[in-house]
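There are 2 protein chains.
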Amino acid sequence: MKINAIGETLQEEFMALIVQKYGGTSVGTIERIESVAAKIKKYQDEGNQLVVAVSAMSGETNRLIALAEQISERPDRREMDVLVSTGEQVTIALLCMALHKIGCKARSYTGGQVRILTDSAHSKARIQSIDGEKIREDLQNNRVVVVAGFQGVDEEGNITTLGRGGSDTTAVALATALKAEECQIFTDVDGVYTTDPRIEPRARRLDRITFEEMLELASLGSKVLQIRAVEFAGKYNVPLRVLSSFEEGQGTLITTEEEGMEEAKISGIAFNKDEAKLTIRGVPDQPGVAYKILGPISDANIEIDMIVQNVGSDDTTDFTFTVHRSEYAKALEILRGIAGELEAREVKGDDSIVKISLVGVGMRSHAGIASTMFAALAKEAINIQMISTSEIKVSVVVDEKYLELGVRCLHQAFQLDADPVSV
Amino acid sequence: MKINAIGETLQEEFMALIVQKYGGTSVGTIERIESVAAKIKKYQDEGNQLVVAVSAMSGETNRLIALAEQISERPDRREMDVLVSTGEQVTIALLCMALHKIGCKARSYTGGQVRILTDSAHSKARIQSIDGEKIREDLQNNRVVVVAGFQGVDEEGNITTLGRGGSDTTAVALATALKAEECQIFTDVDGVYTTDPRIEPRARRLDRITFEEMLELASLGSKVLQIRAVEFAGKYNVPLRVLSSFEEGQGTLITTEEEGMEEAKISGIAFNKDEAKLTIRGVPDQPGVAYKILGPISDANIEIDMIVQNVGSDDTTDFTFTVHRSEYAKALEILRGIAGELEAREVKGDDSIVKISLVGVGMRSHAGIASTMFAALAKEAINIQMISTSEIKVSVVVDEKYLELGVRCLHQAFQLDADPVSV
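Chains as they are written, first to last, in the working numbering: chain A, 1 to 423; chain B, 1 to 423.
The hints are simulated quantities; they were obtained by calculation from the structure and are not laboratory data.
If you're wondering where the values come from, they're calculated on a predicted model, not measured in any experiment.
Any given hint might turn out to be false.
One copy or two, either will do: identical chains are not told apart, so a pair holds if it fits within one copy or between any two.
[Unchecked claim] Straight line, CA to CA, 30 angstroms or less: simulated DSBU-like cross-link-like pairs of lysine-lysine:
| id | residue 1 | residue 2 |
| --- | --- | --- |
| 1 | Lys235 | Lys105 |
| 2 | Lys105 | Lys124 |
| 3 | Lys134 | Lys124 |
| 4 | Lys41 | Lys105 |
| 5 | Lys292 | Lys101 |
| 6 | Lys348 | Lys401 |
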């Protein structure tokens with residue numbers, strides 16, 4: 001039993017285990033590493049146990065890649081992982097030194113030391129298990145445990161990396177393995193916003209959001225968290241919090257759907273400026289035609305995002321789909337190549353489009369979201385070129401010149417700048 | 001059976017296993033790494049199996065240390081090892097990429113991956129064992145094996161380093177564990193010289209030298225190889241060759257004493273400009289006095305090199321010893337502190353001295369070496385302040401202004417510029 005300053009009896013202190021992740025910008029200089037250390041100490045002083053995953057200092061991974069590229073355009077991926085994994089190793093050592101300096105006990109671990117076991121897919125490995133034994137021992141000895149993000153080892157002891165942004169995944173995997181109270185992702189933004197504040201200055205930080213909404217927002221362009229980390233957290237139900245390394249604040253908590261969240265139907269508006277649209281018109285409307293069109297595109301390793309098929313006036317049909325803008329020319333060439341065989345009437349493309357998406361779990365139980373969206377766009381005379389819907393989002397493709405106008409009019413139509421209300 | 005170009009029958013090719021080590025200057029840029037790769041390929045094409053230990057790219061270790069020093073003057077040594085060991089890890093990856101590029105199969109290993117097991121003395125760990133299994137498997141698959149020098153892991157899996165220059169030790173330890181034919185240390189000089197060519201331009205590269213001679217030359221100032229590596233090689237009788245990364249040539253072979261080496265009595269002349277001399281005069285000549293004088297010096301962690309004791313005229317004795325010049329002031333202060341208690345007549349010091357040493361196994365069986373040395377110095381009117389001898393060396397301390405003159409006159413007196421002859 002403890003007695004506090006004003007004489008009240010307090011419960012035995014509850015030691016919460018928190019996993020934190022600090023990205024490259026947050027540890028980009030020695031000064032910043034020292035301020036991260038101070039932040040960690042504060043959390044520890046508040047009675048928490050801390051496991052910290054870190055990225056390479058910003059710029060470091062690119063520096064290492066540039067060295068490799070001086071030798072080879074396509075360096076061996078096993079050796080590439082050996083090379084780039086040094087970036088995080090530098091950070092863990094420096095952060096521990098900074099923690100020691102302010103009187104925090106701390107110990108660093110590389111991915112191989114923890115050990116974070118992955119498959120052998122170099123440069124995009126997936127975590128299979130984490131041995132939490134050493135970490136638990138350190139925590140019991142009141143040490144902060146600092147783990148290199150982004151990396152692991154395979155069964156053979158080869159160094160692997162999880163791919164860019166993999167430090168988020170490391171943090172979530174650590175939180176899962178250690179059954180942490182919360183996984184906190186410190187980054188250079190102070191949370192997840194209703195939309196990009198550079199487009200709509202009235203964008204508002206969300207206090208809470210569901211894993212599913214976050215997935216839609218992340219994959220659609222609000223690049224706050226790595227998608228795999230969010231999937232991972234959702235799968236194992238690890239509360240995930242995004243918050244700023246540089247400012248105070250509660251950030252955004254990403255969690256499962258709960259009561260009281262019902263109110264907010266729309267969480268945010270995402271957009272993607274990196275797509276291009278391709279259309280093939282007047283192909284025979286018969287089984288297998290979709291495969292004949294999209295098969296060659298996939299075979300060329302081009303990823304397809306939206307697909308829309310309209311039945312045409314005669315026995316033909318029209319296909320429209322979007323690809324990443326960098327693969328537009330290649331996709332167009334492929335499509336033209338197969339147009340003759342398919343007796344298509346026309347092949348067209350447009351690489352000056354933008355996709356705008358409305359995201360929110362509230363759509364599930366509330367009708368009228370799509371119509372409100374279309375009305376708002378119509379009022380601004382924004383022509384909709386494609387529509388695609390899922391359970392928690394509605395996406396439209398419009399001319400890219402309407403990006404700002406479209407985002408802002410939707411933001412206003414759904415009153416996203418105000419505190420969440422029903423629509 | 002093989003037939004060579006002019007029709008002679010050759011013996012079945014003998015696959016020699018060679019361990020090579022390339023230092024920081026040799027791998028200091030991407031270009032140099034590529035030329036090291038070309039060199040390795042040449043050796044492999046000649047029918048050798050190759051295991052290569054590498055250092056960090058020159059400047060890299062200092063860059064990492066500077067980062068740590070921005071945080072703390074005395075960073076934790078475990079974390080320091082985590083930090084600096086990344087330097088070699090970068091090199092092994094880049095060298096493998098460069099080997100792949102020219103069609104050489106190659107695989108990299110960190111110290112922990114090999115595994116090079118050391119004790120836990122961070123920053124100055126000693127190698128205890130090397131697991132050669134993975135390496136042998138790779139060699140059988142015709143791969144060049146590239147190992148990070150300077151580093152290992154302890155029983156607990158903590159990263160350790162062997163201290164500066166430890167990559168030489170790594171190479172020798174690998175050669176020992178794998179029973180290599182030869183351990184080749186590639187560096188920025190083309191071998192071991194009779195003395196420093198910057199002092200005596202007529203200095204000559206030695207074709208062969210014994211481990212013991214090399215130890216004396218290395219510790220006395222010819223900083224070509226790390227002392228521990230030479231000791232290690234001598235202990236396990238691994239032929240060690242020093243040669244240039246940048247020029248062709250046979251370098252210098254360091255090996256055990258053999259027939260035919262008898263001829264060369266003197267191998268070289270070493271010198272050390274970093275010492276200072278201290279003298280305490282007129283202390284009672286009784287048991288324990290040496291300890292009373294040198295004990296406090298050792299207790300202050302000051303290393304003592306030469307020690308000379310002369311019996312004085314009365315029942316007193318004089319002590320003279322040398323320490324590193326950077327510790328001269330501290331040593332002098334200690335000596336003055338104990339002079340009173342010892343009733344010493346006088347305490348004196350001189351930090352403008354130089355030690356010149358004649359090294360050679362031939363001294364063992366040939367008299368007159370020392371007298372030739374003293375005669376040569378006397379002829380140039382160089383006053384000898386201290387003399388110390390061992391089985392294979394004679395060292396003298398003289399005024400530092402005589403460094404060049406002393407080295408050159410001895411070089412000439414023993415005809416070191418000519419091919420080895422008897423004296």
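(request) Using 30 angstroms as the alpha carbon limit, work out where lysine 41 and lysine 105 are close: within a copy, between copies, both or neither. (result) within (10 angstroms within a copy, 47 angstroms between copies)
(request) First find the shortest C-alpha distance between lysine 348 and lysine 401 inside one copy, then the shortest across copies, and answer within, between, both or neither for a cut-off of 30 angstroms. (result) within (19 angstroms within a copy, 87 angstroms between copies)
(message) At most 30 angstroms between CA atoms: does that hold for lysine 292 and lysine 101 within a copy, between copies, both, or neither?
(response) neither (64 angstroms within a copy, 39 angstroms between copies)
(message) Reference check for the pair lysine 105 and lysine 124, CA-CA at most 30 angstroms: within, between, both, or neither?
(response) between (33 angstroms within a copy, 23 angstroms between copies)
(message) Treating 30 angstroms as the Cα threshold, decide for lysine 134 and lysine 124: within, between, both or neither.
(response) both (26 angstroms within a copy, 24 angstroms between copies)
(message) At most 30 angstroms between alpha carbons: which applies to lysine 235 and lysine 105, within, between, both or neither?
(response) Classified as neither: same-chain Cα gap 33 angstroms, cross-chain 41 angstroms, threshold 30 angstroms.
Hints 1, 5 from the list above are not met by this structure, while the remaining hints are.
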